[in-house]
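Undergrad: Sequence:
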Amino acid sequence: MRMVNQKLFMKERKNTMNEDKLSFSRFFQIVWKRLWIVIIFTVAAVVSSGYISYQVVEPTYESKVDILIAGKQDKASPILTTHIDDSLKLVTTYQDILISPYILKDAQKRLNNDGHSIDFDRKDISTSNMQDSQMIELKVQHSNPTEAAMIANAIAASFDQKIQHIMNLDDKNAKVLNKGTVSKDPVFPQPLVIMGITFVLALIISMWLIFFIDRIRNKK
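Counting along the sequence shown from 1, when you hit position 115 you're at 117 in this note's numbering, and nothing is skipped either side.
In case anyone wonders, no lab produced these hints; they're calculated from the structure. The hints are all genuine.
Below 25 Å or equal to it, Euclidean Cα-Cα: the simulated DSS-like pairs (lysine-lysine) are:
| hint | residue 1 | residue 2 |
| --- | --- | --- |
| 1 | K107 | K141 |
| 2 | K181 | K141 |
| 3 | K66 | K125 |
| 4 | K164 | K91 |
| 5 | K66 | K141 |
Work the whole structure out from these sequences, hints included.
TA: Here it is as structure tokens:
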């Protein structure tokens, strides 16, 4: 009885392997038969996405400026932790001030006075801050990389000049650490990434398409 069961098991296993072999064979047969569809569809999709990314969609560039918030340390309480905690409490407030209409209008005036007719939109300006960090990162996005850097630097300069007066401070407690640079690569679109994603999606869709065509034809 045991020998019979083993033989039946081996026979079923052999049949399963043959079916798998046939299914793989059938798979490659279908793909090879209509490989031209896969190639044409995929190439056309990738070329189209590349053309749109490079030629149609207007690129967006980004320039960044880092600003350090450092509260004044009291000589009577020279505990570093307290000094840092005070600075962290100021970060959110300073982020709001940095992109406030008061600072942005002054930055626009600064650009105009320097002979630059550059207009910018509030929605293209943002700030970010890592948790428990005294650093604020100012980001400006613009279709022109040079103008993005100029706007970022103008905002940072206005903030640096006005913050002491705004906060009614004896000493300035914010420091601009760098100037915004001109970026060569856009943050959007990223053509190579888009083309790579398009290649994978086009390959999947074209494979599905040729199996769908094969199934429809076999039903006739």
